[in-house]
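Number of protein chains: 2
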Amino acid sequence: MNILICNDDGIHAPGLQALVTEIRKIAQVHVVAPSREMSAVGHAITMSDPLRAEEFYKDGEFFGWAVDGTPADCVKLALFALLDKRPDMVISGINQGSNTGINIIYSGTVSAATEGRINGLPSFAISLTSYQNKNFTPAAHFAVKMAQHLISFELPPGIFFNVNVPALPEEEIKGVKLARQGMANYEELFHRRTDPKGRVYFWLDGERGVEENDPNIDERAVKAGFISVTPVHYDLTHYPTLTKLQGQVERLM
Amino acid sequence: MNILICNDDGIHAPGLQALVTEIRKIAQVHVVAPSREMSAVGHAITMSDPLRAEEFYKDGEFFGWAVDGTPADCVKLALFALLDKRPDMVISGINQGSNTGINIIYSGTVSAATEGRINGLPSFAISLTSYQNKNFTPAAHFAVKMAQHLISFELPPGIFFNVNVPALPEEEIKGVKLARQGMANYEELFHRRTDPKGRVYFWLDGERGVEENDPNIDERAVKAGFISVTPVHYDLTHYPTLTKLQGQVERLM
Numbered sequence: 001m002n003i004l005i006c007n008d009d010g011i012h013a014p015g016l017q018a019l020v021t022e023i024r025k026i027a028q029v030h031v032v033a034p035s036r037e038m039s040a041v042g043h044a045i046t047m048s049d050p051l052r053a054e055e056f057y058k059d060g061e062f063f064g065w066a067v068d069g070t071p072a073d074c075v076k077l078a079l080f081a082l083l084d085k086r087p088d089m090v091i092s093g094i095n096q097g098s099n100t101g102i103n104i105i106y107s108g109t110v111s112a113a114t115e116g117r118i119n120g121l122p123s124f125a126i127s128l129t130s131y132q133n134k135n136f137t138p139a140a141h142f143a144v145k146m147a148q149h150l151i152s153f154e155l156p157p158g159i160f161f162n163v164n165v166p167a168l169p170e171e172e173i174k175g176v177k178l179a180r181q182g183m184a185n186y187e188e189l190f191h192r193r194t195d196p197k198g199r200v201y202f203w204l205d206g207e208r209g210v211e212e213n214d215p216n217i218d219e220r221a222v223k224a225g226f227i228s229v230t231p232v233h234y235d236l237t238h239y240p241t242l243t244k245l246q247g248q249v250e251r252l253m
Numbered sequence: 254m255n256i257l258i259c260n261d262d263g264i265h266a267p268g269l270q271a272l273v274t275e276i277r278k279i280a281q282v283h284v285v286a287p288s289r290e291m292s293a294v295g296h297a298i299t300m301s302d303p304l305r306a307e308e309f310y311k312d313g314e315f316f317g318w319a320v321d322g323t324p325a326d327c328v329k330l331a332l333f334a335l336l337d338k339r340p341d342m343v344i345s346g347i348n349q350g351s352n353t354g355i356n357i358i359y360s361g362t363v364s365a366a367t368e369g370r371i372n373g374l375p376s377f378a379i380s381l382t383s384y385q386n387k388n389f390t391p392a393a394h395f396a397v398k399m400a401q402h403l404i405s406f407e408l409p410p411g412i413f414f415n416v417n418v419p420a421l422p423e424e425e426i427k428g429v430k431l432a433r434q435g436m437a438n439y440e441e442l443f444h445r446r447t448d449p450k451g452r453v454y455f456w457l458d459g460e461r462g463v464e465e466n467d468p469n470i471d472e473r474a475v476k477a478g479f480i481s482v483t484p485v486h487y488d489l490t491h492y493p494t495l496t497k498l499q500g501q502v503e504r505l506m
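The listed protein sequences correspond, in order, to chains A and B. So the first sequence is residues 1 to 253, counted in our numbering. So the second sequence is residues 254 to 506, counted in our numbering.
No wet-lab data here; the hints were simulated from the structure. Each hint should be verified, as a subset may be incorrect.
[Unchecked claim] Negatives, chain A to chain B, calculated, CB over 10 angstroms:
(1) 46
(2) 76
(3) 81
(4) 114
(5) 199
[Unchecked claim] Label pairs and their computed distance ranges (CB to CB):
(6) A:135 / B:339: 20 to 26 angstroms
(7) A:1 / B:478: 17 to 23 angstroms
(8) A:175 / B:466: 17 to 23 angstroms
(9) A:172 / B:279: 55 to 61 angstroms
(10) B:478 / A:248: 16 to 22 angstroms
(11) B:439 / A:243: 24 to 30 angstroms
(12) B:437 / A:25: 49 to 55 angstroms
(13) B:437 / A:193: 19 to 25 angstroms
(14) A:196 / B:308: 43 to 49 angstroms
Yeah, the Cβ is synthetic: ideal placement off N, Cα and C, and Gly gets one too.
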């Protein structure tokens with residue numbers, strides 16, 4: 001098996017290293033990752049600037065390609081320019097911090113998996129739901145299981161997975177739970193400040209989440225100590241509304 | 254009616270001006286737009302840098318706020334920091350160039366409308382499907398009709414619209430068509446070049462689209478001379494797969 005690994009925390013990130021270490025035990029790994037942290041770039045692609053890809057060495061050995069672009073750029077560039085051979089799968093992560101709920105639409109980690117699936121490859125994104133805890137091993141172990149499961153699994157086109165692993169010692173993780181994306185809204189907080197020249201600027205501060213009670217959402221599953229696995233897709237069409245509005249919108253002109 | 258207008262081509266863009274001119278005839282308009290072009294930033298948000306918002310004047314009059322961030326940043330900042338009053342609707346556009354098919358996941362124009370809808374407001378994104386044609390008037394006229402329709406329309410939470418207007422004289426537009434998002438894949442082309450210092454870089458060139466034959470997809474509707482209106486949402490969960498996999502994924506640990 002040939003697996004392309006990408007992330008959005010950058011090629012230096014410990015979560016990427018942990019994933020590579022484990023996946024190397026079951027597959028040939030190709031790393032193509034951003035040269036620096038790209039969190040919250042969403043599904044951005046670089047169109048107006050050139051992209052650089054530099055060989056990146058670790059402990060004297062070739063580790064992968066460092067690209068000065070977004071996670072989506074990395075996957076595109078890997079598939080269409082850098083790799084000699086098409087990989088069998090794309091894994092994105094392990095992200096430091098959760099990718100659950102509405103936030104997944106901003107997620108660079110998820111976007112790399114999206115890009116893999118757009119190009120026909122089985123793929124998943126995997127995140128450790130803590131910004132502090134550096135123990136990526138339980139998540140890396142689960143990534144191996146997901147990869148082994150996915151490779152023999154016939155998935156419909158356009159569908160891939162978003163995985164979130166709670167920041168717990170492996171023996172304390174309660175199990176795996178299929179979960180839907182949470183849809184709770186966030187209230188954004190901005191700090192208004194003035195710079196030394198008297199100009200106003202704003203900092204986006206933490207968000208105040210609204211609690212959702214459904215135990216089947218990703219965030220709740222993780223908080224209850226489970227690994228959440230959400231099947232996701234990139235067809236944004238809302239089909240029930242498409243059906244419901246037939247004959248109405250057409251009259252607008 | 255109070256309408257927030259945003260875009261991703263930037264506050265100087267003629268498509269934004271055309272939209273503002275027409276919408277001002279039916280509503281009080283508040284413009285909060287990127288200070289420069291932000292195409293293909295996807296649904297990015299700025300978390301690690303401060304955001305600046307400067308008052309932007311046109312012909313001696315206050316036109317709106319120019320923000321050095323992404324379209325999603327603009328909507329967040331408008332709602333939570335800049336505007337005195339919550340608007341009744343968010344319109345994003347008029348974008349120069351189509352936002353159809355898989356490409357909408359990269360679209361800054363669509364992301365501003367997403368952000369509006371996340372925050373509970375009716376919203377739509379509107380694009381003129383040409384990179385050359387500067388006649389935004391037909392699209393601006395349709396935006397007025399959409400806005401008037403939407404304000405009295407009870408939409409389920411999380412659903413908004415993506416509109417694409419063909420680059421035709423108004424009298425040649427054949428009508429409005431409800432359409433689903435196209436799902437055709439693209440083959441990316443990268444040019445490999447060497448800079449004056451001998452370092453390799455890549456340019457993303459045009460994409461080679463695969464044709465989809467379904468007449469009900471956005472791109473086909475537009476090519477047939479119709480305005481396409483696609484109801485979209487941001488719940489990426491694929492529910493049929495969620496149901497189908499129950500009991501399987503849970504066994505992975």
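Next item on the list: Quick one: work out the minimum CB distance from residue 46 of chain A to chain B and report holds if it exceeds 10 angstroms, violated otherwise.
Entry: The claim breaks: residue 46 of chain A does not keep its Cβ more than 10 angstroms from every Cβ of chain B (closest is about 7 angstroms).
Next item on the list: May I ask you to check that residue 114 of chain A keeps its beta-carbon over 10 angstroms from the closest beta-carbon of chain B?
Entry: 7 angstroms, violated
Check: Holds or violated: 55 to 61 angstroms for the Cβ distance of residue 172 of chain A and residue 279 of chain B?
Finding: 58 angstroms, holds
Check: Was residue 76 of chain A rightly flagged as not at the interface, with every chain B Cβ beyond 10 angstroms?
Finding: 5 angstroms, violated
Item checked: Cβ distance range 16 to 22 angstroms for residue 478 of chain B and residue 248 of chain A, holds or violated -> 20 angstroms Cβ-Cβ, so the 16 to 22 angstroms window holds.
Note to self: Looking only at beta-carbon atoms, does the pair residue 437 of chain B, residue 193 of chain A fall within the given range of 19 to 25 angstroms?
What the structure shows: 46 angstroms, violated
Note to self: Between the beta carbons of residue 135 of chain A and residue 339 of chain B, is the distance compatible with 20 to 26 angstroms?
What the structure shows: Hint violated: Cβ distance 43 angstroms, outside 20 to 26 angstroms.
Next item on the list: Kindly confirm whether 17 to 23 angstroms is satisfied by the beta carbon distance between residue 175 of chain A and residue 466 of chain B.
Entry: 44 angstroms, violated
Notebook entry, point to check: That 49 to 55 angstroms hint for residue 437 of chain B and residue 25 of chain A (C-beta), does it hold up?
Noted result: At roughly 37 angstroms between Cβ atoms, residue 25 of chain A and residue 437 of chain B fall outside 49 to 55 angstroms, so the hint is violated.
Checklist line | Satisfaction of the hinted span 17 to 23 angstroms by the C-beta atoms belonging to residue 1 of chain A and residue 478 of chain B | finding: 48 angstroms, violated
Next item on the list: Taking the shortest Cβ-to-Cβ distance between residue 81 of chain A and chain B, state whether it exceeds 10 angstroms.
Entry: Given a closest Cβ separation of 4 angstroms, the condition is violated.
Checklist line | Distal placement of residue 199 of chain A relative to chain B, Cβ over 10 angstroms | finding: With a cut-off of 10 angstroms, residue 199 of chain A comes too close to chain B, as the shortest Cβ separation is near 7 angstroms.
Consistency with the previously given hints fails for numbers 1, 2, 3, 4, 5, 6, 7, 8, 12, 13, 14, ordered from lowest to highest.
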